[in-house]
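Asker: These are the residues of each chain, in order.
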Amino acid sequence: MSDLTRLTLKAALDGLQSKTFSSVELTQAHIDAVAQARALNAFVLETPEKALSMAADADARRAKGEAGPLTGAPLGVKDLFCTKGVRTTASSNILGNFVPEYESTVTSNLWRDGAVMLGKLNLDEFAMGSSNETSAFGPVVNPWRRNGSDAKLTPGGSSGGSAASVAADLCLGATATDTGGSIRQPAAFTGTVGVKPTYGRCSRWGVVAFASSLDQAGPIAKTVEDAAILLTSMAGHDAKDATSLDVATPDFASFVGKSVKGLRIGIPKEYRVDGMPAEIDALWEQGIAWLKDAGCEIVEVSLPHTKYALPAYYIVAPAEASSNLARYDGMRFGLRVEGGNLMETYENTRAKGFGEEVKRRILIGTYVLSAGYYDAYYLKALKVRRRIADDFDQAFQKVDALLTPTAPSAAFGLGENANDPVAMYLNDIFTVTVNLAGLPGMSLPAGVDANGLPLGLQLIGRTLDEGTLFSLGGALEKAADFRAKPAKWW
Amino acid sequence: MAIDAATVRKVARLARIAQPEERLEPLARELSGIMAWIEQLAEVNTEGVTPMTSAVSMPMPLRDDVVTDGGDASIILSNAPKSSGAFFVVPKVVE
Numbered sequence: 001m002s003d004l005t006r007l008t009l010k011a012a013l014d015g016l017q018s019k020t021f022s023s024v025e026l027t028q029a030h031i032d033a034v035a036q037a038r039a040l041n042a043f044v045l046e047t048p049e050k051a052l053s054m055a056a057d058a059d060a061r062r063a064k065g066e067a068g069p070l071t072g073a074p075l076g077v078k079d080l081f082c083t084k085g086v087r088t089t090a091s092s093n094i095l096g097n098f099v100p101e102y103e104s105t106v107t108s109n110l111w112r113d114g115a116v117m118l119g120k121l122n123l124d125e126f127a128m129g130s131s132n133e134t135s136a137f138g139p140v141v142n143p144w145r146r147n148g149s150d151a152k153l154t155p156g157g158s159s160g161g162s163a164a165s166v167a168a169d170l171c172l173g174a175t176a177t178d179t180g181g182s183i184r185q186p187a188a189f190t191g192t193v194g195v196k197p198t199y200g201r202c203s204r205w206g207v208v209a210f211a212s213s214l215d216q217a218g219p220i221a222k223t224v225e226d227a228a229i230l231l232t233s234m235a236g237h238d239a240k241d242a243t244s245l246d247v248a249t250p251d252f253a254s255f256v257g258k259s260v261k262g263l264r265i266g267i268p269k270e271y272r273v274d275g276m277p278a279e280i281d282a283l284w285e286q287g288i289a290w291l292k293d294a295g296c297e298i299v300e301v302s303l304p305h306t307k308y309a310l311p312a313y314y315i316v317a318p319a320e321a322s323s324n325l326a327r328y329d330g331m332r333f334g335l336r337v338e339g340g341n342l343m344e345t346y347e348n349t350r351a352k353g354f355g356e357e358v359k360r361r362i363l364i365g366t367y368v369l370s371a372g373y374y375d376a377y378y379l380k381a382l383k384v385r386r387r388i389a390d391d392f393d394q395a396f397q398k399v400d401a402l403l404t405p406t407a408p409s410a411a412f413g414l415g416e417n418a419n420d421p422v423a424m425y426l427n428d429i430f431t432v433t434v435n436l437a438g439l440p441g442m443s444l445p446a447g448v449d450a451n452g453l454p455l456g457l458q459l460i461g462r463t464l465d466e467g468t469l470f471s472l473g474g475a476l477e478k479a480a481d482f483r484a485k486p487a488k489w490w
Numbered sequence: 001m002a003i004d005a006a007t008v009r010k011v012a013r014l015a016r017i018a019q020p021e022e023r024l025e026p027l028a029r030e031l032s033g034i035m036a037w038i039e040q041l042a043e044v045n046t047e048g049v050t051p052m053t054s055a056v057s058m059p060m061p062l063r064d065d066v067v068t069d070g071g072d073a074s075i076i077l078s079n080a081p082k083s084s085g086a087f088f089v090v091p092k093v094v095e
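Those protein sequences? They're chains D and F, same order as listed.
Residue numbers 1 to 490, in my numbering, belong to the letters of the first sequence in order.
Residue numbers 1 to 95, in my numbering, belong to the letters of the second sequence in order.
Calculated directly from the structure, the hints in this document are not laboratory data.
From the three backbone atoms N, C-alpha and C, an ideal C-beta is built for every residue, glycine too.
Among the hints, erroneous ones may be present.
[Claimed, not checked] These stretches of chain D come out as covered by chain F in the derived footprint (C-beta under 8 Å, 3 or more residues):
(1) 333-345
(2) 366-372
(3) 383-389
(4) 450-462
[As the list claims (entries may be wrong)] Here are the computed lysine-lysine pairs in the DSSO-like style, where the Cα-Cα straight-line distance is at most 27 Å:
(5) D:K10 / D:K64
(6) D:K64 / D:K258
(7) F:K92 / D:K398
(8) D:K352 / F:K92
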């Protein structure tokens, strides 16, 4: 493995600035790493020629003194972001060979700032899944393995390709999206940093929609500072997304390294769930101790409706998905499977194009929105959602941020939870509340379990207060000094 | 509430997803399992609670009512499964 791929984004940008290496050299090293890592199945499309051409442009701009914040940095893009002229599939057969005629706002912002695209990253189909196993391209394999075992583990999902490629040093950072935990859970499973910003911080324009009131883009990166640099570029108001917040984007990296002395940190007692491994509980206690050492005050808080978040989510998200995915009708783009009449063509197209989990969620969504059930299920879930958001409002009157585990387990084996949808949904038990309330959340690696697998801690902040999360994340990262890397087997 | 095969057939029709007859029973069992788990929401007192319809409280922005884009049918049609001239070709809708 080339040394250039082991750099953090920040170190790579410094090296480009000091002319220690060029973007073409840096990008070629990553292209080679990607080509050698096909066993991970992290990329669904490699774009080496585009990457080298973007890298050459970046070098030319830098030589002219026109470098932007990310000029020359090779990144991966989750295949949920539309990229102009580059196939975008959402890891679904129904999009087939869809080649967008437009670029998502988030990726446009990255290219504006000089980033280089290495290719498109694998994900659960339409971002629906927690293990990457619903992808039409097959699952991503976690670069991490249990000590002394070669069993294939999940990198988590839905942003499994993003998390695995960052963990395996295939890219300096990646875009991801989070509807119920899809940035933070894979980050926890792969020893990377993942940030789900406040709902509305990043534009959803050009991102294939799953559940529009929950979907939010964010970065997966090697360090807290790298995540801050990426989010600063990705975020910003966009008139093309009616839910984009018209607020200034701070320089998030400036918050990393700031003192967290005197901040009040809430520990929600409802996040101590039955059956959680003792190691995760111990890591949580360790995280509390680290923040105390850094001068934070620890306060126990209550979020009484936590246990209802997942069931509410599994009404709200499928309901929105069933509506959003109605557009895949085989008429204007994507797959078409002909039938004897229009109705049959619709039904055949969608039966063939969607995978089992996507169909299951469309059926649940259609059911809970259908006549006679709307009030009992959908309206009820929206009211429970309000109570969950109110819980956070009350907690944030007493504290500045919350600290919790990210996921109830370390990475599990591919196939282990595949036959029990509800068991799979429980992966998001600590992350999904944040999406329902629209709050920012961050997962960062804090330790390893007895098998040598990474475990993550989650920080949850007030609306638009990502800055405090970056300060706290920086403090935890420094205290944890997490340096473990997966041994290269691919 | 348990979902039976007839309900699955109806919902699949509403969702425009063809489901073979032999899939209806297994799907009914799966969906019933998920809905039974969701039923715990009934425990939450939501008396007088306003439904949360948006993740952020902000007024819906309005834009100027002007044309911003358009006039290039070839872009719109570039991913069409079937097209002819400047048109999508779709199955016959009106008998």
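Asker: Run every hint past the structure and note whether it holds.
Answerer: Going down the list of hints, with the structure as the test:
1. For a cut-off of 8 Å, the count of residues in the stretch 333-345 of chain D with a CB near a CB of chain F stands at 11, and the three-residue condition holds.
2. Under the rule that three or more residues need a Cβ within less than 8 Å of chain F, the assignment of the stretch 366-372 of chain D holds, with 3 such residues.
3. Counting residues of the stretch 383-389 of chain D whose CB falls under 8 Å from any CB of chain F gives 6; the rule of at least 3 is met.
4. Requiring three or more residues with a Cβ within less than 8 Å of a Cβ of chain F, the coverage given for the stretch 450-462 of chain D is violated, as only 0 such residues are present.
5. Taking the CA atoms of K10 (chain D) and K64 (chain D), the gap is about 21 Å. The hint holds against a cut of 27 Å.
6. Restraint check for K64 (chain D) and K258 (chain D): not satisfied, since their Cα atoms lie roughly 34 Å apart, outside the 27 Å limit.
7. Restraint check: the Cα-Cα separation between K92 (chain F) and K398 (chain D) comes to about 62 Å, which exceeds 27 Å; the hinted pair is violated.
8. A C-alpha spacing of about 21 Å is found between K352 (chain D) and K92 (chain F), which places the hinted pair at or below 27 Å, so the restraint holds.
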